[in-house]
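Which chain is which? The protein sequence lines are A and B, in order. Per our numbering, the first sequence starts with residue 1, numbered consecutively. Per our numbering, the second sequence starts with residue 1, numbered consecutively.
Hints are computed from structural coordinates only; laboratory data are not their basis. Keep in mind that a hint or two might mislead.
Derived, one-sided and incomplete: chain A residues facing chain B with beta-carbon distance under 7 angstroms [what the hints assert, rightly or not]:
1) Ile73
2) Gly91
3) Met119
4) Ala122
5) Gly209
6) Ala261
7) Thr301
8) Asn408
9) Ser422
10) Lys426
11) Pro428
Chain A stretches covered by chain B per the calculated footprint, using a threshold of three residues with CB under 8 angstroms from any CB of chain B [claimed, not checked]:
12) 140-149
13) 238-250
Built from N, CA and C at the ideal position, the CB exists for glycine as well.
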Amino acid sequence: MSLNFPKARRAALAVAGAGLLLASAACGGSSSSSPDGDSSSSDQPVTMTLWTNSTTGPGLQYFKDAATAFKAIDPNVTINVQSVQNEDYDGKLQTALQAGQGSAPDIFFQRGGGKMLAMVEAGQLADLTDSISDDATSNISAGTFAIFQADGKTYGMPLSITPEGIWYSKDLFKQAGITSTPTTIAELTTDAAKLKAQGTPLAVGGKDGWPAGHWYYMFAVRDCSQDALNDAATSASFDDPCFLQAAKDLGAFNDTDPWEADPFNTSAQGSAASTAGLLANHKVAGELMGAWEPGVVGDLTPNKKPLPDLGYFPFPATANGEGDPNAMMEGSDGYSCSAWAPEPACSDFLNFLATTDQENKYATAFGTIPANKAAQGSVTDPAAKAALDAANNAPYSVLFLDTLFGSNVGGALNTAVVNFMSGQNKDPQSIIDAVNNASSKG
Amino acid sequence: MSESPQAPAALESSLDGQQTVGGGTESVSPPATVGRAPRARANWRERFEITLLSGPAILVFVAFVIVPVIAAVYYGFYRWKGYGKPTDFVWFQNYKVILTDPEFHRAVLHNFEIAGLSLLIQGPLAILLALLLNRRMRGRSVIRVLVFVPWVVSEVIAGTGLSLMLPVNGAINDLLTKMQIFGDVHVQWLAPHLALWTLMAILTWKYLGFAVILLMAGLQNIPDELYEAATVDGASYWQQQRRITLPLLGPTIRIWAFLSIIGSLQLFDLPWIVWGEFNVDRDGVSTMATYMAHYGPRTQLYGYGNAVAVVLFIISLFVAVLYQRLVLSRDMAGAITDGRTGR
Chain A
1 MSLNFPKARR AALAVAGAGL LLASAACGGS SSSSPDGDSS SSDQPVTMTL
51 WTNSTTGPGL QYFKDAATAF KAIDPNVTIN VQSVQNEDYD GKLQTALQAG
101 QGSAPDIFFQ RGGGKMLAMV EAGQLADLTD SISDDATSNI SAGTFAIFQA
151 DGKTYGMPLS ITPEGIWYSK DLFKQAGITS TPTTIAELTT DAAKLKAQGT
201 PLAVGGKDGW PAGHWYYMFA VRDCSQDALN DAATSASFDD PCFLQAAKDL
251 GAFNDTDPWE ADPFNTSAQG SAASTAGLLA NHKVAGELMG AWEPGVVGDL
301 TPNKKPLPDL GYFPFPATAN GEGDPNAMME GSDGYSCSAW APEPACSDFL
351 NFLATTDQEN KYATAFGTIP ANKAAQGSVT DPAAKAALDA ANNAPYSVLF
401 LDTLFGSNVG GALNTAVVNF MSGQNKDPQS IIDAVNNASS KG
Chain B
1 MSESPQAPAA LESSLDGQQT VGGGTESVSP PATVGRAPRA RANWRERFEI
51 TLLSGPAILV FVAFVIVPVI AAVYYGFYRW KGYGKPTDFV WFQNYKVILT
101 DPEFHRAVLH NFEIAGLSLL IQGPLAILLA LLLNRRMRGR SVIRVLVFVP
151 WVVSEVIAGT GLSLMLPVNG AINDLLTKMQ IFGDVHVQWL APHLALWTLM
201 AILTWKYLGF AVILLMAGLQ NIPDELYEAA TVDGASYWQQ QRRITLPLLG
251 PTIRIWAFLS IIGSLQLFDL PWIVWGEFNV DRDGVSTMAT YMAHYGPRTQ
301 LYGYGNAVAV VLFIISLFVA VLYQRLVLSR DMAGAITDGR TGR
């Protein structure tokens, strides 16, 4: 009975985790001698399936267009694009990958981090290390690639970066008499009270779990030093007292009840009643999200156009926080090839997606920030531009904690945060305990 | 009328218990010789027929019930994230964690609360409605359809609709407010103190139609002669229902109760969709199945999730067997036809 099993397993996680605390200062460089993707075309006709978590019109259309454009370059390759709703995505993908050849999608949306590591360990991903084009390597920062690396090998192509922050309606902030965006939690608390009094509060969207989790992650990034975060990433446990402080700070802010009505029965995305939909229709003033937000909100506005007054500000600093106030939390949306995908067609297509031209189109379609730096000039949405600037200013950045820790610990963390914020378990220590005990179930 | 010459023959052949299986008439032996000369051949034939008729069902049952149960037992002994082959054998560790997890205890409790309340609420309502709809009256078919429609709607669709209507700012509170009777309504339908009752209301709305259909079928089987005789004897309507309908409806009610209990124990979709996986536990509507889905596929603890499935299976099986033994046994006695009787 290996009751104390987690240690060994955590060490394995540690290896990968260490690479995931990204130094955003680092850039390009580690060139891999690889054949230029686009030049080698397949001899045999191949058909590939692509899974995306995008259900929005332009996002899905982007992949269909990209498939058509790629067919023009390589007539032998046909790509079928399939869309899987985000909340269903991880489970469906896992089942499909487990079934292996024939069921597994050839190309699929990849979040990286601990979730990717499990796929790597099971031998379900194609090693792309030697297939990434020089073009991609020089234009996408090494820090972003690190999200999709394990043991020095690359398993995914980053297409966008999603720096985290508060996305808000400039009009509603102005209406509430807020002249400048808050830079400290104290200011945020005051502003949140004004917004709530005006009937347009901040939103959390706790029904999906992770949106509530993100509030805790950001308090942890502000309260914990880079070293403490690094240690947590490698041990998958919250040992530093700063994590408890983050829970207490979140609790104090949460106690002011700055949220929308029924915050834990509201989901984050997908309908007019979700927080993104409420923001798109000026029913709430803002929410904490990654840089997918402009696209998600834009899809829910009455005219399906980007929200004109959408703004962005980085998460405010906590009092006496040990973290750098400019530090960022971010993720990256990438794409992987399954171990059964036809090669070189699959990696060719990923290299094609990472080209500056395609990245420009991707960023426009998704209203997000492309991973390819040469394409970042195409970010015109002022809110996304502000998020990009904040990301470029950050001394270091951290991957979303649930992605970093993987489904088990990440899921336990999100559940604990929801329980804490919704008042079921008012003890801030419960968040720490949930993470440190998550391994009891697996 | 044209069929009348055939009828006696058909009746005869079904009464002697001979050709009910297979229905072949070309090799009919005279009744007197049954069980004598062609015994060996009949045996062989009988076996062939049984195999042929039950084979597909058994195959499907084994492939989609027995094998998955065995697979779940197998995976339940592993600590396994669902990627690759399970390698970390942990004996009963998963079961130990399940049985000591207060969250699981709450889920089991909710299951039994839901099962009990379903019987208490839906049972009497369904009997009254079935009696009502069994009478000739104006608008009967309209009421029948209205009662039955919710049962036809898929759980996911009903759940998605309700999850949009039930939040504080949802359509239901809005409607109540606009009726201008209750003032400004902000009822937290999904909050802990109300959630179970909201769920019971949804379940009643959703499954009452099924109970009514079942009971109405039971009512059709009660011979009219009994009521005629009772009327002649001067029994009132309610006396007739009390003395004739209810006792004769017993087997149907017991079967419905059985299906309702099993359904309650396996309840998953409505709490999962209306409340959401992070809310069911707090709001008091978690079930064993939502617990399993949360700790199985959603947090990718497949070994643990399979162990939960095994526990759920054992609890359901135990309840089902107990119910069969204690309650259904009297209905079952004599109901199972033994092909060899009388041979």
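Now the hints, each set against the structure:
1. Ile73: violated (34 angstroms)
2. Gly91: holds (4 angstroms)
3. Met119: holds (6 angstroms)
4. Ala122: With Cβ-Cβ at 3 angstroms, under 7 angstroms, it holds.
5. Gly209: Since the shortest Cβ distance to chain B is 4 angstroms, the answer is holds.
6. Ala261: Since chain B brings a Cβ to about 5 angstroms from alanine 261(A), closer than 7 angstroms, the hint holds.
7. Thr301: This interface hint is violated because 19 angstroms lies over the 7 angstroms limit.
8. Asn408: holds (5 angstroms)
9. Ser422: holds (6 angstroms)
10. Lys426: Status violated, d = 12 angstroms.
11. Pro428: Because about 17 angstroms separates proline 428(A) from the closest Cβ in chain B, which is outside the 7 angstroms limit, the hint is violated.
12. 140-149: violated (count 0)
13. 238-250: violated (count 0)
When held up to the earlier numbered hints, the structure conflicts with 1, 7, 10, 11, 12 and 13 and fits the remainder.
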